[in-house]
Structures are given as C-alpha cells and as structure tokens.
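J.: Just so you know, the sequences run in chain order A, B and C.
So in our numbering, the last spot in the first sequence is 253, and the numbers never skip.
So in our numbering, the last spot in the second sequence is 242, and the numbers never skip.
So in our numbering, the last spot in the third sequence is 225, and the numbers never skip.
In short, the hints are calculated from the structure, not lab data.
None of these values were measured; they are calculated from a predicted model.
Beta carbons are placed, not taken as given, at the ideal position from N, Cα and C, and that holds for glycine.
To spell it out: a stretch of chain C is covered by chain B in this simulated footprint if at least three of its residues, at any positions, have a beta carbon under 8 Å from a beta carbon of chain B; those stretches are:
| no. | region |
| --- | --- |
| 1 | 79-85 |
| 2 | 89-102 |
Chain B is nowhere near these chain A residues, computed Cβ spacing over 12 Å in every case:
| no. | residue |
| --- | --- |
| 3 | I78 |
| 4 | I115 |
| 5 | I181 |
| 6 | T185 |
| 7 | T219 |
| 8 | W231 |
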Amino acid sequence: MSVIASSNPNQNARSGIAAWPPLLRILTLATIIAVAFGLYLGLFYAGTDIDQGQVQRIFYVHLAAFTGAFIAFCGTVIGGVQYLRTRNVQWDSIALAGAEVGLALSVLNLVTGMIWARPIWNTWWTWDPRLTSAAIMCLTYAAYLMLRTGIENAEQRRRFASIYGILAITTVILTLVITRIRPDTIHPVVIGPSVQNPNAEGAFEFSERMGMTIGINSTIWSTLVPVTLMWHRVRLQNLAERVNALKAEILNK
Amino acid sequence: MAEKSALIETRALVKTYDLMIVLRKLDFQVERGEFVALLGPNGSGKSTLLRLLSGLSKPTSGAIFIGGWELPREAAAVRAQIGMVSHRALLYENLTARENLQFFAQLYNLREIDERIRILLEQVGLSKRGDSLVRTFSRGMQQRLSIARALLHDPAVLLMDEPYTGLDQDAAQVLDGLLTQAYADGRTIVMTTHDLERAARLASRAMILSRGNIRYDAPASALDGRQLSERYTEITSLATAR
Amino acid sequence: MNTPFIQAVLAILRKDLRTELRSRELISSMGLFSLLSILIFSFALELDRVARQEAISGVLWVTVVFASILGLNRSLAMERDQGNLDAMLLAPINRAAIFLGKLIGNYLFALAVGLLLLPVMTVLFNMPLFQPWLILILFLGTLGFSTVGTLLATMTVQTRARESLLPIVMLPIALPVLLASVHASTNILTNAPIDDWIAWPQILVVVDVIYLILCFLLFEFVIED
Numbered sequence: 001m002s003v004i005a006s007s008n009p010n011q012n013a014r015s016g017i018a019a020w021p022p023l024l025r026i027l028t029l030a031t032i033i034a035v036a037f038g039l040y041l042g043l044f045y046a047g048t049d050i051d052q053g054q055v056q057r058i059f060y061v062h063l064a065a066f067t068g069a070f071i072a073f074c075g076t077v078i079g080g081v082q083y084l085r086t087r088n089v090q091w092d093s094i095a096l097a098g099a100e101v102g103l104a105l106s107v108l109n110l111v112t113g114m115i116w117a118r119p120i121w122n123t124w125w126t127w128d129p130r131l132t133s134a135a136i137m138c139l140t141y142a143a144y145l146m147l148r149t150g151i152e153n154a155e156q157r158r159r160f161a162s163i164y165g166i167l168a169i170t171t172v173i174l175t176l177v178i179t180r181i182r183p184d185t186i187h188p189v190v191i192g193p194s195v196q197n198p199n200a201e202g203a204f205e206f207s208e209r210m211g212m213t214i215g216i217n218s219t220i221w222s223t224l225v226p227v228t229l230m231w232h233r234v235r236l237q238n239l240a241e242r243v244n245a246l247k248a249e250i251l252n253k
Numbered sequence: 001m002a003e004k005s006a007l008i009e010t011r012a013l014v015k016t017y018d019l020m021i022v023l024r025k026l027d028f029q030v031e032r033g034e035f036v037a038l039l040g041p042n043g044s045g046k047s048t049l050l051r052l053l054s055g056l057s058k059p060t061s062g063a064i065f066i067g068g069w070e071l072p073r074e075a076a077a078v079r080a081q082i083g084m085v086s087h088r089a090l091l092y093e094n095l096t097a098r099e100n101l102q103f104f105a106q107l108y109n110l111r112e113i114d115e116r117i118r119i120l121l122e123q124v125g126l127s128k129r130g131d132s133l134v135r136t137f138s139r140g141m142q143q144r145l146s147i148a149r150a151l152l153h154d155p156a157v158l159l160m161d162e163p164y165t166g167l168d169q170d171a172a173q174v175l176d177g178l179l180t181q182a183y184a185d186g187r188t189i190v191m192t193t194h195d196l197e198r199a200a201r202l203a204s205r206a207m208i209l210s211r212g213n214i215r216y217d218a219p220a221s222a223l224d225g226r227q228l229s230e231r232y233t234e235i236t237s238l239a240t241a242r
Numbered sequence: 001m002n003t004p005f006i007q008a009v010l011a012i013l014r015k016d017l018r019t020e021l022r023s024r025e026l027i028s029s030m031g032l033f034s035l036l037s038i039l040i041f042s043f044a045l046e047l048d049r050v051a052r053q054e055a056i057s058g059v060l061w062v063t064v065v066f067a068s069i070l071g072l073n074r075s076l077a078m079e080r081d082q083g084n085l086d087a088m089l090l091a092p093i094n095r096a097a098i099f100l101g102k103l104i105g106n107y108l109f110a111l112a113v114g115l116l117l118l119p120v121m122t123v124l125f126n127m128p129l130f131q132p133w134l135i136l137i138l139f140l141g142t143l144g145f146s147t148v149g150t151l152l153a154t155m156t157v158q159t160r161a162r163e164s165l166l167p168i169v170m171l172p173i174a175l176p177v178l179l180a181s182v183h184a185s186t187n188i189l190t191n192a193p194i195d196d197w198i199a200w201p202q203i204l205v206v207v208d209v210i211y212l213i214l215c216f217l218l219f220e221f222v223i224e225d
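The following block holds chain A by itself, in its conformation from the complex:
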C-alpha cells in the first residue's frame, strides 16, 4: 500500500486537501475553549437568580444560540445574493452551511427554551407568538433543505436555494420583532431598549455579573461558533464537490 502511495505524486496533494488548514485548527480550538469558558461563566461565575433558581442559567445558552442562528441565517442571505450575482459555487456552499448551522442552533434555542419553560411556565410548550414563530423559523429552514433535495440539476438547485434563502430571512426577522408587534406574548423581551412587558412571565433583573455573562456568551456564540461550524460545513461541501468533479472527470473522458 505504501509503495502505491509513494509512487502516486497526487497522493500527498490529496491528503493535503483533506487536512484542516492551520487557521481552521486554531479557530476550532479557540471556539471549544471559548464555549467552555462561556459555560463556566454561566454555570459558576454568574449569580443564581433569586426567583428562578439554577434553571435560569440555561438562558445564557438559549439566547446565545439564537444570536448564533441569526448570524448563520444572515450568512445564507449573503451567500444567496452573492451566488446569484457571481455564480461562484463557494457562495452557495456558504449559504447551505448557514442554513444547516442556523437550523441546528435554532433547534438548540428551542430545546433550551423548553427546558427553561418547564419549571418557570409549568409547561414544555405554549402557543405563544414568539415560540410559534421560532418554531416556524426552524421549519422554514427545514423546507429550504427539502427544496434542495428535490432538485436534481445542481445549477438549478443552487439558484432556487439562493432565492429561497433570501426569502426565508423574513421568518427570522418576524421572530425577532414579534414581541414588539404582538404585545400579548409572555416571552420575556431581552434585547434592545424596551419597556419590560408586564405580561411577561419569568422576566428577570440582571446583576452586573449576569449581564457580563450574557454579553460574553452571546458574543462567542454569534461569532466563533457559527463561523467555525460553517467553515467546517463548507469544507465538507467542497470535498463532496471534489468527489463529484472527479466522478465527472471520469465520465467526461
């Protein structure tokens, strides 16, 4: 085997492609450390919430996951617009990575929300506008992935996916603003200058330490986490494209 490998000059080049680029290694390591640090802050550094107790700590991941999903979905929009303009396949890979990473993070957001809601609202799920629109947001990106699998022609698939990825951001925006336009939500309004909703159940006052933990966690999850995950996904996509290219090379001979 080793004889064959050494006799093939392409072998090294190919294994070189399969290896992680140095920057990605650093980034991956940094992300793991940063997420662990964020968790440490959330679990030990921040004080325990007086009303809600320990379960409130899940909120640090809950909000952070949403910010990460938001960034990833923005990546889908940018990837889509750029793909339609340049027809460079790389942009579509970024869009796809954004949708998948965003979907994973928004599912994490939903699940952590449900775990929090069980003791606080006394139910796993309630048909609150914010919850409903967050769930529909997840389904929109599931539909995005389904649309992709439904199209055989790769060029058409990329084009349609780009268009849908651009339109899909409306559900993300809706989820963001719905607590403003539907004041009957019981979901606490966390971000932005707003009068705390009197209907909100489970709203909480922040101590300085809690505020810092929120800030650091959200920063990590909205920068390092989506970027690293998307990079890995794009790389995977590139490798898949390469396999296709090699297959096509054989067929085109």
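Mind docking chains B and C on chain A? Use the hints.
T.: Just chains B and C now, kept in the frame of chain A:
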C-alpha cells in the same frame, strides 16, 4: 449586419451541466438559407445546442452570434428572429388554435395579425379547425400548429428539436412539405432528428454530433441516406467503443 | 426591440382569464375546496357563538391560503406541462412581464375565492363579514401571498416533488401576511376600536410592498437556464 457574415456562428462554444461537459468547444457557421440536419445519438448535445441557439439556455463559455447579434447579451434582438419548434407542443390546450396564435402574436408585438393567422392556418392545413380547442387536436395537428406558431413572426431562423417525434406517416409527410416550403422561402433551418434517411432527403447539410463534438459536417447532397447512415454508425460506434 | 411591457402583461393575463373562463378548472376546484374547508372547520372546531367571533377570521384566512395554493399549482403547472414557459421565454418580452402577468391572474383568482367566501360565511355563521375594512384586508392579504406564491410556484413546479412542495415552502414565507391579516380581521369582527388594530393593515401594506419588490427582482433567476 454585413452580408458576408454567417447567419449563425458559434465560437468555442462550451456548455456544461454541473461538471458534465455537454458541448466541447463547438465552432461552426451556418449561412443564410441553409437547412442543417443535426444528427447524433441521445445525449450527444443536440438539444442543448438548439436551446443555446434559441437563447433559452446560456453558454458556459464561448460565444454565439445570430444575425450579427451576440447571445445572451443581445438576446432581445435575437429573439424576434428565431422560431422554435420542439417535441413538446408549446401550446395552450384550453385555447383554440387561433387564440394560441393571437396570444403569441401579442407577445411578439405583431400588427394586423388576423390575416397573417388566416394564411398560416391555411398553410399548415388547419383552416377548418382554427376555432377548435388545441386539446382536441391529434399529435400531428398540434405539431403543425406549433410550426404555425414558430413562423408567426416571420423569423429568419427556424430551430426544430426532433419535430417528427410521435408523428404518424401522414403527419410526417405534411411536416416534410412544410419544411420544404420554409426552406424554399429562404429560411435558415437547424433541425435535430434521428431519421437519417429523411435528413439526407430534406436537408442541405448534415452535421453529426457525438459526445459534444462535431464529428462530421458536409453538404447532404454528397451522400444519400444509406451512405449517411454508414458514416453515422461508424462515428457513433467509435464513440461508444472509447 | 422588446414588446411593450404592459402589452405583454395584459396578453398573459387575458390568456389566463380566457383559459379559466372556458375550463373553470381553477375557480371550481378552489371554490369547492373552500366550501368544504369551512364546513369541516365548523364541525371540527364546534364553533359556538363566542368561539366563532374569535376563530372565524382564522378559518377564513387558512381557507383562502390553501385554496390559493391549489390555484397556484394549477396555474403554473399549465405553463410547465406543455413547455409553455419556454414559449414565453422565446418571445421578445421582459421577463418581469411574465411574473406580473401570472401574478395578476393568480391574485384575481385568490381574491375571487375570498370575496365568494364572505357572503357564504356571513350566511352560514350569522356574522357580518361584508364590511368595507374586511374587504380591504382581503385585497391586501391575498396580494401578499399571491406574490410570494407566484414566485415560489414557478420554482416548485420545476422540481421533482412538484405540487407537494409548494405549501411547505410557501406557508412560512406567507406567515407575516397571514398573521397581520388574521389579526386585523379578528379585531374588525369583534368591533374593536380602530386605533387598536390600524397597525395591522399598515404592516400588511409594508410587507406587501417588500414582497412585491423582492419577488419582482428575484423572478428573473427562477426562469433562466
């Protein structure tokens, strides 16, 4: 547009579908008034070439000129000069023959269309069925109406993608007549077909496409149907052997 | 060089209306579906007097949206089946004219179903649905989802899953329109003071305009090859 230049010209025309190379650097010219039969096995790129010439599809690289205009950049100018017939009818089944033609006449911004439609329906032998729904038409009648639609705006170029598919003997003969007429009228015709004998009989030039390359290109008068068929078998079996 | 924009739009619209007047395929299937839908809703939800006030606008809008999905699928399948989309693309017309022509047709059909449902539901549920404000909301709401629907249906009829994919991709995108329409309608039907709900029609107008511009721009990419 200068008189000397070819009506249709491609330069290093390449089309790939998702890494599959369908057309490899095609260079050819078609002069005004030629009738080109485009031959080749399934998957040789014939239909793709016609879609490119019609502007329905964009080339991956290379250039196409029709009447001196470049595709796809000047597609708007080219469209008015092209009539296309495909193996699909491209007609609305719930409209009558006349309404179909009226609709497309509006899209081509044609004036005084009633007389033109009357003449065309007569030419394709559908005068009596002009007010019947296309749904009730046989395949052959639909195909004839399809040709009337393609001729509606008096295009210089007729592109025909396997127009004989699904036609019976009689309908095919009527189509022969229409094509001969269009050729006699000085239109430039590019037609894909699998019918070598018919190609040799009708066309002025035969081109054989195999695996995205032009393997044979000669005046059809040089060969009769049998010889053409021999060349065809030779070329295509060569391609499969590789 | 191109055919005038308006002429192309009108030609496509006239063609769709004429086809429809002849076959009545869309209106009959959409109308029948709508009637069935509201009857089944009234069974399933066991709508009493109080529940009716709250739920009826939801029933109305869900019915109109599903009926319009039915119509959108048929309307675009007609362009695909015989390759007619290609025939239109061969013509020297602006691509956006195809979008606008198809959109206006689809909009009129969806609107017709909605307007048909108002008197029917007024009678069946004994509620005054024929109100100017509600009709305005109907105009705005159906415009919103006909816009995204026309774009997305042009896309989905070209895919393998075809008809079944449209509701899945369209409903989430139409959600903002649906949400605003339902809330405006509920408020109108419960005679809430206008200041409480006037924001909804305003949001609806904004969303409609955004979707119109976005879909108008994106349509070109749906039909090219």
